[in-house]
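Chains as they are written, first to last, in the working numbering: chain A, 5 to 354; chain B, 5 to 354.
Quick caveat, the hints were computed from the structure, so don't treat them as lab data.
A portion of the hints provided could be inaccurate.
Pairs involving identical chains hold if they fit within one copy or between any two copies, as the list cannot separate such chains.
[As the list claims (entries may be wrong)] Below, simulated DSS-like cross-link-like pairs (lysine-lysine); rule was C-alpha separation at most 25 Å, straight line:
(1) Lys339 to Lys350
(2) Lys337 to Lys40
(3) Lys158 to Lys332
(4) Lys158 to Lys352
(5) Lys339 to Lys215
(6) Lys87 to Lys296
(7) Lys151 to Lys87
(8) Lys40 to Lys256
(9) Lys20 to Lys10
(10) Lys175 to Lys332
2 protein chains.
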Amino acid sequence: MNKYKKLMQKCINLAKKAQGKNIPNPYVGAIVYDEKENKIISCGYHEKYGQAHAEVNAIKNANGNTKGKTIIVNLEPCSHWGKTPPCADLIIKSGFKKAIIATLDLNKQATGGLEKLQNAGIETVLGVLEKEAKDLNKVFFKNTLTKKPYIMLKIASTLDGKIALDNGKSKWITNEKARLYCQKLRSEYQAIMSATGTILADNPKLNVRLKNKKSPIRIIFDPNNKIPLNYNVFNDDVKVILINNSKIDLPKHIEQISFDGSFDNLFKELYKMNIYSIMTEAGSGFNSELIKNNEVDEINHFIAPKIFGGGLDFIKGLNIEEIENSIKLKDVKIKQFEDNFLINGKIKTY
Amino acid sequence: MNKYKKLMQKCINLAKKAQGKNIPNPYVGAIVYDEKENKIISCGYHEKYGQAHAEVNAIKNANGNTKGKTIIVNLEPCSHWGKTPPCADLIIKSGFKKAIIATLDLNKQATGGLEKLQNAGIETVLGVLEKEAKDLNKVFFKNTLTKKPYIMLKIASTLDGKIALDNGKSKWITNEKARLYCQKLRSEYQAIMSATGTILADNPKLNVRLKNKKSPIRIIFDPNNKIPLNYNVFNDDVKVILINNSKIDLPKHIEQISFDGSFDNLFKELYKMNIYSIMTEAGSGFNSELIKNNEVDEINHFIAPKIFGGGLDFIKGLNIEEIENSIKLKDVKIKQFEDNFLINGKIKTY
């Protein structure tokens with residue numbers, strides 16, 4: 005089993021090579037493996053949207069040496085005709101004896117591959133590094149299951165959960181290394197979302213100031229049309245989606261959509277506009293609305309070892325009446341940045 | 005230098021053997037070391053209040069083999085006649101060539117040993133593992149410099165700094181492993197202090213439920229005489245100091261003192277009653293008073309990966325107007341207890 009874990013980790017690493025390149029497809033890596041010789045015959049991964057799946061690439065690279073072999077893949081091989089033929093059929097046709105799979109495909113259209121392999125007499129093992137494989141494709145699974153983008157809430161607070169003093173001052177709570185890591189997080193999301201209060205208070209750029217990294221699309225939630233167009237978020241060449249209920253003339257790089265009061269509808273609309281993953285950097289009000297409406301998938305909470313003893317909470321007004329109904333983070337991970345730290349956890353898993 | 009660090013770490017480890025046994029004296033370990041042979045000749049530590057100092061024990065254990073040797077000790081050798089003769093004189097008399105010292109003694113009466121050694125022509129190195137040595141004797145230094153006990157504030161909160169819901173519910177925020185570690189912390193302090201609100205809300209026992217560990221003395225801050233005597237904190241055989249402004253008849257294990265409104269006076273009085281270190285476990289009001297009055301030396305903040313989005317802050321009403329005036333933790337350390345974690349830091353260092 006340990007052997008399969010190592011091979012599956014290699015699949016996951018292969019799959020990651022496509023990060024940022026194959027949106028909105030899943031990240032998949034595949035390995036053709038010879039059990040008797042304990043040897044990897046070939047590897048492959050899904051490189052780009054619309055192109056060959058990982059299994060196809062790995063099998064092609066095996067140059068016909070697949071009969072009686074084992075295939076390892078981090079996502080259930082597809083059983084449907086999409087932009088390419090079903091991988092399950094190719095695996096059967098190639099004469100594999102065994103298939104090791106990390107997780108099922110949650111996409112109803114694509115699933116069924118495992119059953120197909122089993123019906124063809126191929127020995128299958130499901131669930132090797134399942135957690136890691138699900139985490140790898142968290143955006144894809146969220147998209148597939150809900151037709152909404154994956155939402156990651158970023159918070160930077162004191163030990164007592166404050167994001168600003170009572171007088172509004174907030175610069176800087178976290179240290180430079182933590183703020184640099186926040187830039188890296190921004191570069192990993194397709195879009196960054198903020199709201200009226202934060203934009204008016206800080207006039208942030210919301211860009212990525214790292215070499216060779218693109219700034220994400222900006223989604224500005226300003227339903228009451230309060231942010232003037234000369235603010236920083238509107239004034240470089242990065243695409244902006246402005247959520248705003250007034251009709252105004254806008255430069256070409258700003259697209260306007262309206263808000264009908266439902267975050268569910270808003271995120272479904274953004275998904276239709278091909279927005280698959282969003283990092284939010286906003287204040288108490290917006291954070292609280294997203295949490296109350298159960299729209300948040302993951303939290304990255306930077307904490308500085310300071311106490312304000314008063315000020316603005318990062319989330320407020322949840323009116324929870326029982327401890328067990330509090331918002332809980334799952335799969336918690338901690339990172340340290342000198343004396344600051346980052347708590348990462350999931351609110352939802354798929 | 006690395007060699008001296010290793011030897012100094014050994015001194016610190018030796019010194020720790022006296023933890024809980026030599027109150028209110030410092031923890032000190034000493035090593036007689038042969039530089040030419042790169043060999044430890046003998047060791048010693050200060051075992052009990054009123055008995056021989058570490059240097060005396062190490063030198064005695066060297067059986068006369070000290071001439072031209074090096075002595076390593078984590079605290080400046082004393083130069084005064086206390087309950088025992090000055091160690092500096094003994095080191096000179098023993099013919100040592102070199103003395104490696106971690107930190108000066110901050111006790112005005114005891115310091116001067118380093119100078120004495122230097123005047124006698126002994127080569128000295130000061131500052132090896134100074135931080136660790138100061139941390140080891142944080143209680144002793146605080147006591148010596150301020151004539152007040154060392155105060156450690158314990159907090160258990162959510163990610164948003166809440167210690168209870170708006171309706172007062174607080175059980176349990178942290179997990180079992182974190183609460184077990186809290187028991188260990190209790191056992192390391194001479195006294196545990198709590199206040200009216202917490203006692204009335206939770207009726208805690210404030211004892212140590214670990215094998216072979218004694219429960220600390222209880223200090224109950226109840227200036228308005230609100231806690232009935234049938235509450236748990238008063239009802240085992242552990243000594244209690246009750247801070248209370250009414251005259252009431254009390255069982256023999258409860259000693260009563262009054263509060264004149266000054267925490268400085270209160271802690272000075274407790275010091276006179278031989279209270280040298282206190283862990284506080286109280287609520288928002290009491291925590292805030294201690295912080296406002298600058299009485300806290302160290303914080304142990306347990307955090308559970310939950311969000312209440314409202315409720316009771318662990319410290320409130322500090323009315324800070326500038327970020328740089330926030331309460332800052334120094335020498336921050338993190339411990340993990342499954343998905344809970346502990347942030348430890350100093351507010352003051354000596």
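Hints, one by one, checked against the model:
1. Lys339 to Lys350: both (15 Å within a copy, 21 Å between copies)
2. Lys337 to Lys40: Result: close neither inside a copy nor across copies, 38 Å intra and 49 Å inter.
3. Lys158 to Lys332: both (15 Å within a copy, 22 Å between copies)
4. Lys158 to Lys352: Answer is within; shortest intra-copy Cα gap is 15 Å, inter-copy 31 Å.
5. Lys339 to Lys215: within (23 Å within a copy, 34 Å between copies)
6. Lys87 to Lys296: For lysine 87 and lysine 296, the Cα distance exceeds 25 Å both inside one copy (38 Å) and across copies (66 Å).
7. Lys151 to Lys87: within (19 Å within a copy, 79 Å between copies)
8. Lys40 to Lys256: Intra 61 Å, inter 80 Å, cutoff 25 Å: neither.
9. Lys20 to Lys10: Classified as within; 16 Å inside a copy, 44 Å across copies.
10. Lys175 to Lys332: between (28 Å within a copy, 15 Å between copies)
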